[in-house]
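> Given chain S, work out where chain W should sit, using these hints.
Same order as they appear, the protein sequences are chains S and W.
One rule links them: number in the numbering used here = place in the first sequence (from 1) + 640.
One rule links them: number in the numbering used here = place in the second sequence (from 1) + 72.
Derived from the structure by calculation, the hints contain no laboratory data.
All C-beta atoms in this analysis are idealised placements derived from N, C-alpha and C, irrespective of residue type, glycine included.
Warning: the hint list may mix true and false statements.
[Unchecked claim] Which residues of chain W face chain S? A partial, calculated answer using Cβ under 8 Å:
hint	residue
1	L271
2	V278
3	A298
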Amino acid sequence: MSAVTRHRLLLLLPLAVFLILGGYFALGLTRDPSILPSMLIDKPAPVFALPGLSEGEKGLSNADLTGKVQLINVFASWCAPCRVEHPLLMRLANEQGVTIHAINYKDKPEAAKAFLAQMGNPYTAIGADKDGRVAIDFGVYGVPETYVIDRQGRVRYRHVGPLMPFDVDEKILPMIRELSK
Amino acid sequence: MIGFWLVAAALTALALLPLLRTLLRPPPPLEGAAEFARGVYAAQVAEIERDLKRGILSDDQARAARAEVGRRLLSVADEAAGVKVEALAKPAQRTALVLTLLLPLAALGVYLPLGQPNLPAVPFATRPPEAPVPPQVMEAVAKLEAALKDNPDDVGAWGLLAQTYGAMSRPADAVNAWRQVLRLSPDDGSVKGALAEALTVAADGVVGEEAVRLFTEAVAADPMDARARYYLGMARIQAGDIRGALDRWTALVADSPADAPWLPTVRARIHDAATQVGLDPIAITPSPKPARAPSPAAAPGSGGAAPALSPEQMQAMAGMSQQDQQATINSMVDGLQAKLKDNPGDADGWMRLARAREVQGNLDAARDALRGAVKADPKRLQAWLDLSRLTAPDDAQTQGSAEFLDAMAKVLDLAPDNPQALYYLGQQAANEGKNDRARDLWGRLLKQLPADAPQRPELQRRMDSLK
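Looking at chain S on its own, in the form it has when it is part of the complex:
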């Protein structure tokens, strides 16, 4: 191989890099960006113990997660999509008898309380995760996020973003029924 041909091949390098990257991105476009597999699927939820929204109020810890199929909902009063899914959580808790625990993510307790006073409180217990540490352990991407926890306290499903009616009807509720058998 002479010096000149080698020189020419080097010129093709950017093109090759472009083709590789382009192919990679094209592949990525065919995937559903909302599916974010959790590291925790089928594993026990991380160990944690959070205080309640205010002094003396019951918080949330691992001990609350076992014994009953339930949802953990990560919410914040400053999060607009949380407001959108809230009526659905209210219906799940009040009309479908689903136990929902909450992690209040990086929020002011007063703001969270005002939010719940206006929008309703579907939660059996709320843990205040002021610095977001526990959320990191759960691998929370952004609020709202919802986890389905089985009787053994294992994470079985993770939903990123606000729940929509069809998420509840087609995924969450069937899953809860299945796990409760």
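Relative to the frame of chain S, chain W by itself:
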């Protein structure tokens, strides 16, 4: 659109330019590598000679080394010549031509099926254009707020402030103001509805638990509270219970008169929701109640029914279809008009005709009839009031037509305390620069207004500006 294509063409040309420049440029003289190699080999030959002189190399070895260097030199020269010939012989003109034609064509080929030049822009956050709040409103709000600090139990002021906040798109403030209104009149269902609606707006349209509770109480107080019933359906949708929402909305349609202003909205919601769960919107939507028949007796300020019906006529009409009824009424009104043509001095007749025309929605004809009435009896206050009402400007800030102002002047002659006449004539005087007259008229108006009338601050301000 044309602009877009021009820009696209310019950008394509810009993209082609460097390619063409490179392709059409005469190749640089190929000195680089070959020249360098020649120098190296010349140095090698010189070194061979030096070594020969110093006796490091024998004659034979020197000859062999020289021959080797010569061979390499030749091969380098060949290569350089080959490249040179190739590069010079084919000045990539053909490639350039093909590219110039093909690239734009290919771009067009990709763009036409894929491009969507008419797609509306999607701004990152669509926010409603902030309607500039007129300074008078800001001032009025500030005054209201100040007044409420001194007298926090003024229901009327709180209600006005709440509505104003709502109109100014300050939902959180509106919520607080409506809470005050509810504190002062805790049993008013419509206030509960208003507060719940403000809460919903403040929550970006999500009907929260508190709003649901208030709307439910509002419906309990007034089962025909359409706003509350509409939002309660909305709450079911948001909770994922589409059938529950459909039940509520279809019941609302069934209870509403056919001309209810909210029907189109409710129907649209039913359509969307029904399609989502695979129901036929037409099949599940009941028919509304018959429209509230425009009854002449209900016409504002009615002094007598439009063409009076005899009991027999009423009985006959009761058996008719709605269309026939309408046709009968129309023919009777036309008959009345014909009679008045022969007897234009019948002021009562003109008044009846005007009312009938207004009920029919023919305002031009109603105005004509009222003109007939004031001509027949210029002292008839009601005729002047109706005429001014039908000729009033759409907006209280603009000056009315000459006919309107004339009617108002007549009203003021007959009823010196009529607030509308005082207001508009004062405005006319102010516009014409007759400040004393404007102050006199507005002053008389102010004296009549209750102390907490919402119009007071604005009127006072305008009076002050006359000085």
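> Could you work out which earlier hints the structure fails to respect and list their numbers in ascending sequence?
Number 3 - this is the single hint that the structure violates.
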